[in-house]
Amino acid sequence: MTETYALEATHLTKSFPGVKALDRVSLRLKPGEVHALLGENGAGKSTLIKILTGVHRADDGTIAIDGRDREISSPIEAMAAGIGVVHQERNVVPEFTVGENIVLSRMPRRAGRVDWNTVRSEAKRCLALLDLSIDPDTPMTRLSAAQTQLVEIARGLYTETNVLLLDEPTASISANEADRLFTVVRRLREQGKAVLFVSHKLEEVFAHCDTVSVLRDGKAVLESSPLHSHSRDEIVDIMVGRALAALEVPDRVIDDSAPAVLEMRGVATSVGHHDVSLAVRSGEILGLYGLVGAGRTELARSILGLDRITAGSLEVRGSAVTIRSVRQALQDHRIGYVTENRKEEGVFLGQSVARNIAVTVWAKLERALGFVSTKSERSLGATFVGDLDIRVSSQSQLVGELSGGNQQKVSLAKWLAAKTEILIIDEPTVGIDVRTKRSFYDLIWRLADEGLAILLISSDLAEMVTLADRIAVMDQFAITGELDNTHDYDSMSQSIIRLIHGTQVA
Amino acid sequence: MTPETQQHGVVRRVIATPRFFLAIVIIALVIFFGSVKPAFFSGPFVIAPLLTSVAIFTVVGLAQMMVLSIGHMNLAVGQMASFGAMFMGMSYDLWKLPLLVGLGIGLVAGAAVGGLSGWLVARTGVNSFIVTLAMSFALIGLVPTAYSALATGSAFIAKPSGLDVIGRDSFASFCFAGYCGPNAIPIIVVPAIVVMLIVGYLYARTRLGRELLMTGSNVKAATLSGIPTGRRIVLAHALSGLLAALAGFFLASSTGSFTPGIGDEFMLQSFVGPILGGTLLAGGYISVSGTFLGIVLTLLIRKGLDLFGVGIETLNVLLGLILIIALSTDRIRLLARRRSVKRVQQTDALLIEGNPL
Ligand SMILES: Nc1ncnc2c1ncn2[C@@H]1O[C@H](COP(=O)(O)OP(=O)(O)OP(=O)(O)O)[C@@H](O)[C@H]1O
Ligand SMILES: [Mg+2]
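Listed in order, the protein sequences are those of chains A and B.
Quick note on numbering: the working numbering labels position 504 of the first sequence as 525, and the sequence is numbered without any gaps.
Quick note on numbering: the working numbering labels position 331 of the second sequence as 333, and the sequence is numbered without any gaps.
The set of hints was computed from the structure by calculation and includes no laboratory data.
Source: prediction; values computed, not measured.
We put the beta carbon where it would ideally sit given N, CA and C, even for glycine.
Any given hint could turn out to be false.
Unchecked claim - Here are the computed lysine to any residue pairs in the SDA-like style, where the Cα-Cα straight-line distance is at most 25 Å:
hint: 1; chain 1: A; residue 1: Lys222; chain 2: A; residue 2: Asp258
hint: 2; chain 1: A; residue 1: Lys396; chain 2: B; residue 2: Gly211
hint: 3; chain 1: B; residue 1: Lys222; chain 2: A; residue 2: Leu327
hint: 4; chain 1: A; residue 1: Lys364; chain 2: B; residue 2: Pro230
hint: 5; chain 1: A; residue 1: Lys364; chain 2: B; residue 2: Thr225
hint: 6; chain 1: A; residue 1: Lys364; chain 2: B; residue 2: Lys222
hint: 7; chain 1: B; residue 1: Lys222; chain 2: A; residue 2: Arg345
hint: 8; chain 1: A; residue 1: Lys364; chain 2: B; residue 2: Gly127
hint: 9; chain 1: B; residue 1: Lys222; chain 2: A; residue 2: Thr343
hint: 10; chain 1: B; residue 1: Lys161; chain 2: B; residue 2: Ile187
hint: 11; chain 1: A; residue 1: Lys396; chain 2: B; residue 2: Tyr203
hint: 12; chain 1: B; residue 1: Lys222; chain 2: A; residue 2: Val342
hint: 13; chain 1: B; residue 1: Lys98; chain 2: B; residue 2: Ile168
hint: 14; chain 1: B; residue 1: Lys222; chain 2: A; residue 2: Thr441
hint: 15; chain 1: B; residue 1: Lys222; chain 2: A; residue 2: Glu442
hint: 16; chain 1: A; residue 1: Lys364; chain 2: A; residue 2: Tyr462
hint: 17; chain 1: A; residue 1: Lys385; chain 2: B; residue 2: Tyr205
hint: 18; chain 1: A; residue 1: Lys222; chain 2: A; residue 2: Leu243
hint: 19; chain 1: B; residue 1: Lys222; chain 2: A; residue 2: Pro160
hint: 20; chain 1: A; residue 1: Lys385; chain 2: B; residue 2: Pro230
hint: 21; chain 1: A; residue 1: Lys364; chain 2: B; residue 2: Gly211
hint: 22; chain 1: A; residue 1: Lys440; chain 2: B; residue 2: Pro230
hint: 23; chain 1: A; residue 1: Lys385; chain 2: A; residue 2: Glu442
hint: 24; chain 1: A; residue 1: Lys222; chain 2: A; residue 2: Pro271
hint: 25; chain 1: A; residue 1: Lys458; chain 2: A; residue 2: Asp258
hint: 26; chain 1: A; residue 1: Lys41; chain 2: A; residue 2: Ala403
As the list claims (entries may be wrong) - Anything over 12 Å on all C-beta distances counts as not near chain A; from chain B, calculated:
hint: 27; residue: Leu96
hint: 28; residue: Leu144
hint: 29; residue: Phe310
hint: 30; residue: Val319
Put together the whole structure using the sequences plus the hints.
Now the structure itself:
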């Protein structure tokens, strides 16, 4: 007897100019299974999901739902076929409220009018599934990147679907928030729904998925294999296409007597921080850990003058400063800031890769009459396309055409190019694949060895414990403690969790 | 990539642009008009006036393109032109200043009102549409009032020496060893070409031009990349005002007097040119040559239909239609631009693989 699949895609092929994003890829999702779709940045995962949801059309191949062939040529048809999705890129309408965004795909109506009470109650229901207490009337613009991501997930849960496709839903949220999502996923599995899950965080993949498929350069290199018959390293090797050496954490020597280059003393801000004291020395990586909404990004923004510091002092290289803009931070104080929000604040989707990377260094490349040579721009770009292994068909490719992870690399590259002395990095490896993460870690260590002072904000605890020299923990807009990093994941994570919950209990 | 494949790439890239399409249509129209009405090729009566208006309106189009590059609009181009021109007229008529000094004063005046709009937009965050609309109303009131108070007969007619050379002469008046230049080519094309080259250089080669485009592409990301976006917005609007005033000067020099109605015809044309030529309304992408070709096309249609005796009202209806087509293709073009970039890359890739495409 042949099994019926909740969703069966056969030999899907899709070419974009210059790249075959999918090459005869098949995917089978059984009812009641959580299926991991893995692969490096640019492997074709999002393209596959976009084809299954009618965003793109396949050049070739068929899709069957519950054993019957279906044409899916628009997102509406995908919805009608019972396919729900959370896309990798945010698709919210910033002018709308949280509630409106959640029910956008099907506005509740009564007598031809939008039924606002149902909008609110439905939105509340979806948010409650994720244990979220955001008021449905909050405007989207007031949410952080992580909260936006959570709303996006809530929206994916709004309509009843038999198949739920999740494209890196956990990329920009921390483990706690992700756990609530997995509770929902487990419930869906019990109800016999099929879930496809894309992630670069292998820990959660192994903890929550049953089956795995792997894409590499647009080809399926592993199709619907039981996940637990593989080891983690095996999966990584399959994704990369060769054996990947284990990550070596270097022995870093920090000169404790060196003066701090960036220091905050008793800082309070207009957005609600109080009594924040921090210091980063040259050559040091200070991690700033906390839950979503703890106020870490906001602290970075206030260092850059995007939010106001109302009390205390900010000192750069020993002298108190007032910074009013990123430009001033860059030019006068050599401070760079990699945003957590690549699509809105990090990259210029309609501009070339070369320009996206060179934007911070035009002032340096500038010659007489404001002349900037395209050649110097490109040679700079080539360095980073190489170093970070950014998958582009050429440097004149528009960044909007790159895969999500590759866009993230571009957003990072422009600040590495700026060669600042102090670098604030906010969630740098969101959506970046395992291999690139390693080369990125190596790069960060190298930069720190060269004397760069780094303030690292990350919700990825493993990343924190790997990269940072010291870890400061923030909760509710205040620093609750600081730890020397022993690089031992278990003991560090326990101490950190204690620091977070310590204040919540108190 | 071998040089040969690179050449293929270049050729394809050129073919894929709206510029190429415009050029084809323009050539076809010239052949059509010329063969049906041979009078079309009469140098001093048709071609020379046509080139004069092309020169003037290209500058008008570039004035609008400046603000389009940052994703803004300038609905007051016409009024900024008449405002700048008014200062030139006053310089010549009331203060008896020489040509270039008066020109400089007028350009500064144009840049100042433009800069003021830009400052208001940057400062208040109000949409440039609204700010420049308000600006145009203010100037519509101000300029004629100033003229009726200061000018005799509501126009400044004093001409400094050299004004007619720019606005009225052709190369026929430049003779060397008994040979004179063609009378079909007016002198005014020279400064217009210089302006095109400068604006082209600004966007293609300089930091400032790139920063304007980045601001247009994503203003938040631009601010967070260290670009002083507020100042760039002011600059774009100021340059828009300056070019508008320059266009006003060109128009006045060709008609021979400075009047309050100088920019009345500018606004519609200023959008048609850039948008037909591929400049995106949303910002982040411009084309100088496209703006030029867009202007040539619309003026050519105007001139050609004029020869057939079609009235000005019909012409305006037609111009409106062209604008609608241009605007609705704006969005399509945004997609097509992406696609064309890709198509080029695809062919490059095929060629690299040795596929004899
Ligand atoms: N609209 C597009 N135009 C051109 N190329 C595209 C487009 N969308 C995707 N691609 C290309 O297709 C390939 C696959 O991209 P895709 O987004 O599917 O990768 P992914 O596996 O989701 O990667 P990531 O982990 O970074 O999200 C990439 O090389 C990308 O550059
Ligand atoms: Mg993706």
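Would you mind confirming whether the straight-line C-alpha gap from Lys222(B) to Leu327(A) stays at or under 25 Å? Roughly 11 Å separates the two Cα atoms, so the pair holds.
Regarding the pair Lys222(B) and Pro160(A), is the alpha-carbon distance no greater than 25 Å? Holds, at about 18 Å.
Assess, step by step, whether the Cα of Lys41(A) is no farther than 25 Å from the Cα of Ala403(A), and give holds or violated. 22 Å, holds
Would you mind confirming whether the straight-line C-alpha gap from Lys364(A) to Pro230(B) stays at or under 25 Å? Holds, at roughly 20 Å.
The output says Leu144(B) does not contact chain A. Does that hold with a beta carbon cutoff of 12 Å? 34 Å, holds
Regarding the pair Lys396(A) and Gly211(B), is the alpha-carbon distance no greater than 25 Å? Roughly 17 Å separates the two Cα atoms, so the pair holds.
Between Lys222(B) and Arg345(A), is the straight-line Cα distance small enough, at 25 Å or below? Holds, at about 15 Å.
So if I understand the rule, the pair passes when the alpha-carbon distance is 25 Å or less; does Lys364(A) with Lys222(B) pass? Holds, because 10 Å separates the two Cα atoms, which is no more than 25 Å.
12 Å Cβ clearance of Leu96(B) from chain A: Holds, since 36 Å exceeds 12 Å.
Is Lys458(A) close enough to Asp258(A), meaning Cα to Cα at most 25 Å? 15 Å, holds
Pair hint outcome, Lys364(A) versus Gly127(B) [Cα-Cα no greater than 25 Å]: Between Lys364(A) and Gly127(B) the Cα gap is close to 22 Å, so the pair holds against 25 Å.
Restraint status (C-alpha distance of Lys98(B) to Ile168(B) at most 25 Å): 18 Å, holds
In summary, this structure violates none of the numbered hints.
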